[in-house]
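> So you can see what is in the structure, the chains are spelled out below.
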Amino acid sequence: MAYDKFTILSSTAVPMPIENVDTDQIIPARFLKATKREGFGDNLFRDWRYNNDESPKQDFVLNNPTYSGSILVGGRNFGSGSSREHAAWAIYDYGFRCVISSFFADIFKGNSLNIGILPVTVSPEFLDKIFLAIEADPKAEIEVNLPEQKVTIVASGESEDFTINGYKKNNMLNGFDDIDYLQSMKGEIAAFAEKSLY
Amino acid sequence: MNNPTTLFDKVWDAHVVRKIEDGPDVFLIDRHFIHEVTSPVAFLGLESRGIGVLYSERTFATADHNTPTINQHLPVQDPLSANQLQQLETNSAKYGISHWGLGHQKNGIVHVVGPENGITLPGMTIVCGDSHTSTHGAFGAIAFGIGTSEVEMVLSSQCIMQPKPKKMRVTINGKLGKGVTPKDVTLYIIAQLSAAGATGYFCEYAGEVFENMSMEGRMTVCNMSIEMGARGGMIAPDETTFAYLNGREQAPKGEAWDRAMAYWKTLKTDEGATFDLEYTYNAEDIEPQITYGTNPGLGTGISKNIPLATDVIDGEASYKKSLGYMGFAENESIIGKPIDYVFLGSCTNGRIEDFRAFASIVKGRKKADNVTAWLVPGSHVVEAQIKEEGILDILTEAGFLLRQPGCSACLAMNDDKIPAGKYAVSTSNRNFEGRQGPGSRTLLASPLVAAAAAVTGVVTDPRQFL
Ligand code: SF4
Numbered sequence: 001m002a003y004d005k006f007t008i009l010s011s012t013a014v015p016m017p018i019e020n021v022d023t024d025q026i027i028p029a030r031f032l033k034a035t036k037r038e039g040f041g042d043n044l045f046r047d048w049r050y051n052n053d054e055s056p057k058q059d060f061v062l063n064n065p066t067y068s069g070s071i072l073v074g075g076r077n078f079g080s081g082s083s084r085e086h087a088a089w090a091i092y093d094y095g096f097r098c099v100i101s102s103f104f105a106d107i108f109k110g111n112s113l114n115i116g117i118l119p120v121t122v123s124p125e126f127l128d129k130i131f132l133a134i135e136a137d138p139k140a141e142i143e144v145n146l147p148e149q150k151v152t153i154v155a156s157g158e159s160e161d162f163t164i165n166g167y168k169k170n171n172m173l174n175g176f177d178d179i180d181y182l183q184s185m186k187g188e189i190a191a192f193a194e195k196s197l198y
Numbered sequence: 001m002n003n004p005t006t007l008f009d010k011v012w013d014a015h016v017v018r019k020i021e022d023g024p025d026v027f028l029i030d031r032h033f034i035h036e037v038t039s040p041v042a043f044l045g046l047e048s049r050g051i052g053v054l055y056s057e058r059t060f061a062t063a064d065h066n067t068p069t070i071n072q073h074l075p076v077q078d079p080l081s082a083n084q085l086q087q088l089e090t091n092s093a094k095y096g097i098s099h100w101g102l103g104h105q106k107n108g109i110v111h112v113v114g115p116e117n118g119i120t121l122p123g124m125t126i127v128c129g130d131s132h133t134s135t136h137g138a139f140g141a142i143a144f145g146i147g148t149s150e151v152e153m154v155l156s157s158q159c160i161m162q163p164k165p166k167k168m169r170v171t172i173n174g175k176l177g178k179g180v181t182p183k184d185v186t187l188y189i190i191a192q193l194s195a196a197g198a199t200g201y202f203c204e205y206a207g208e209v210f211e212n213m214s215m216e217g218r219m220t221v222c223n224m225s226i227e228m229g230a231r232g233g234m235i236a237p238d239e240t241t242f243a244y245l246n247g248r249e250q251a252p253k254g255e256a257w258d259r260a261m262a263y264w265k266t267l268k269t270d271e272g273a274t275f276d277l278e279y280t281y282n283a284e285d286i287e288p289q290i291t292y293g294t295n296p297g298l299g300t301g302i303s304k305n306i307p308l309a310t311d312v313i314d315g316e317a318s319y320k321k322s323l324g325y326m327g328f329a330e331n332e333s334i335i336g337k338p339i340d341y342v343f344l345g346s347c348t349n350g351r352i353e354d355f356r357a358f359a360s361i362v363k364g365r366k367k368a369d370n371v372t373a374w375l376v377p378g379s380h381v382v383e384a385q386i387k388e389e390g391i392l393d394i395l396t397e398a399g400f401l402l403r404q405p406g407c408s409a410c411l412a413m414n415d416d417k418i419p420a421g422k423y424a425v426s427t428s429n430r431n432f433e434g435r436q437g438p439g440s441r442t443l444l445a446s447p448l449v450a451a452a453a454a455v456t457g458v459v460t461d462p463r464q465f466l
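From first to last, the protein sequence lines are chains F and Y. Each residue of the first sequence is one higher than the one before, starting from 1 at the first, in the working numbering. Each residue of the second sequence is one higher than the one before, starting from 1 at the first, in the working numbering.
Source of the hints: derived by calculation from the structure; they are not laboratory data. Everything numeric in this text was worked out from a predicted model, so none of it was measured. Check the hints yourself; a few may be wrong.
Short derived list, chain F residues pointing at chain Y, Cβ under 7 Å [said to hold, decoys possible]:
1) Glu19
2) Asn20
3) Arg37
4) Asn77
5) Asn111
6) Asn114
7) Phe192
8) Glu194
Under the rule of at most 25 Å between Cα atoms (straight-line distance), these lysine-lysine pairs were calculated in the DSS-like manner [what the hints assert, rightly or not]:
9) Lys195(F) / Lys265(Y)
10) Lys169(F) / Lys164(Y)
11) Lys417(Y) / Lys57(F)
12) Lys129(F) / Lys321(Y)
13) Lys422(Y) / Lys57(F)
14) Lys417(Y) / Lys186(F)
15) Lys320(Y) / Lys195(F)
16) Lys19(Y) / Lys169(F)
17) Lys320(Y) / Lys129(F)
18) Lys33(F) / Lys106(Y)
19) Lys320(Y) / Lys57(F)
Built from N, CA and C at the ideal position, the CB exists for glycine as well.
All chains, full assembly: derive it from the sequences and hints.
So this is what it looks like as structure tokens:
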């Protein structure tokens, strides 16, 4: 599925300084029954966001109007657990385009890149600075510059570089996906696959 | 002479169709498993792009995640689940994919039925939209979980695009003590490394402990690799592997078998090959394990107390949140904690050996009154074995019921949900908040620990029953 191009995103951010946020929290299994990719944002962090009677949990950050924006800032080991791409869909559908953390689980990171969310890995020290900046001013702007591979806390001007491989960067900048790429090399794949043992 | 290489390199490199500079490898997939939950959107994607399935005979479909575990002969009640099952059937029929739906004699959990039918073979690359695809690494295959976009890639091109992970090896020598099972070995490793300790790596397991392990045990270990963050785990194929495969329906036969064997015997890490990371443990240090927190890294030997915040890798705030959710406190004993549910099943511990182990303890005893037990075989084949071997009689005698195959309470998508606040000793793979039902509290353990808890109603060291 094609997605919007990603170049420079400057936005306020939602802080979630919790470690090991797993994909079962991002989207609980009971919301995986849909057969279309629609409406997952409503159930993003469902059990952290709502009480059993469906009333919002006031102390959860997504229910706090002070915080908003299209960047989610999470603690270490974000996205661990299940391979469900629904987790990335829910984050995208809710309105986030970028997740910043000091450490991502592999599958979540791959899924995010495949659907147009930019996972940005920063050092633990810089992650703390971002959390502090948002704590000091919930409207603090964070700029994520993909062409330059740089993330900046706008008010203080502090920044850090991040890495992304050239292929994925090009995809994100242009809104391309891997399926387009693979379709373009089908002949080469078929020749290779015919020779394979299995 | 060639450079010494690892098992992982041998299999990975043989599947790279194209290397993209400063990008991922275009990676050929030999076998692809699909199920009802993570495939429908992939099929929709094919349709919206107007592309088809490239090699339908390399994909296998089974219904498992969202199926009821009682009365499977009746129509599925939940309309959303029924719709997913229907879509799997329709999509499989449309594209000519083998489909083992609900009630089919080969139906079961994807990672149980693949090996059972000889689909999983050494040296293969195997993917599925489920992170525990790592199970198949027990056969010396490279197997890992993928997202739905990648399911669409495999269907349409038999390839995915993957950066090659780094390599690590965990070696355990020595002999496992009484009551120490493969599940304990894997929970022990994860507790040492933490839930993120192997992220970015593909793990090979080596040493006496794994060499002496059955295929079922190896599957349990490789299954849990993802819980320390690894993309997958693998074990070099050996005589145990070949004996398991010989005669399985889809395994090669006759001359093809001999050719395959010649290749399979080359699938091992050469002397002198190097890894990016190595860990070595002693079998004697491992006792039956149990988790007390909300990620699989928060586990310990069953006789130990819950660690202090200062002794775990997770940050203090996260650790306290975790214990708060579980209703536990630092430094408490885990043994003796009352429990409400026992879940025996899942692709981690839903095989025949797991039922044999469970039965070995409940035999001649009675289920504790305060315990609700869900015993769910991984497949119809396992279910049949349980009956044939007389295990069902032992279970029934002890007051247990046997349910029908499926993922069940492992992810609680169907009706098998542990109620809020209740404690479950589970043989599955994840103890995340709400994983087994909103508000549920999971203690991961082996089938022996689960059995000991089921007959006593509290967390109990199973060694006293052996
Ligand atoms: S049993 Fe659990 S982990 Fe295994 S395939 Fe089913 S849901 Fe996934």
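> Now tell me if each hint is right for this structure.
How the hints compare with the structure:
1. Glu19: At 4 Å from the nearest chain Y Cβ, Glu19(F) passes the 7 Å test, so the hint holds.
2. Asn20: holds (5 Å)
3. Arg37: holds (5 Å)
4. Asn77: At about 4 Å, which falls below the 7 Å cut-off, the nearest Cβ of chain Y leaves the hint on Asn77(F) intact, so it holds.
5. Asn111: holds (4 Å)
6. Asn114: holds (4 Å)
7. Phe192: Holds. Min distance 5 Å.
8. Glu194: Given a least distance of 10 Å, the restraint on Glu194(F) is violated.
9. Lys195(F) / Lys265(Y): holds (20 Å)
10. Lys169(F) / Lys164(Y): holds (17 Å)
11. Lys417(Y) / Lys57(F): Holds, at about 22 Å.
12. Lys129(F) / Lys321(Y): Given pair Lys129(F), Lys321(Y) holds - Cα atoms ~23 Å apart, limit 25 Å.
13. Lys422(Y) / Lys57(F): holds (21 Å)
14. Lys417(Y) / Lys186(F): violated (44 Å)
15. Lys320(Y) / Lys195(F): Distance of about 54 Å is beyond 25 Å: violated.
16. Lys19(Y) / Lys169(F): holds (16 Å)
17. Lys320(Y) / Lys129(F): holds (23 Å)
18. Lys33(F) / Lys106(Y): Status holds; Cα separation ~23 Å.
19. Lys320(Y) / Lys57(F): holds (20 Å)
Violation of the numbered hints given earlier is confined to hints 8, 14, 15; the remaining hints are satisfied by the structure.
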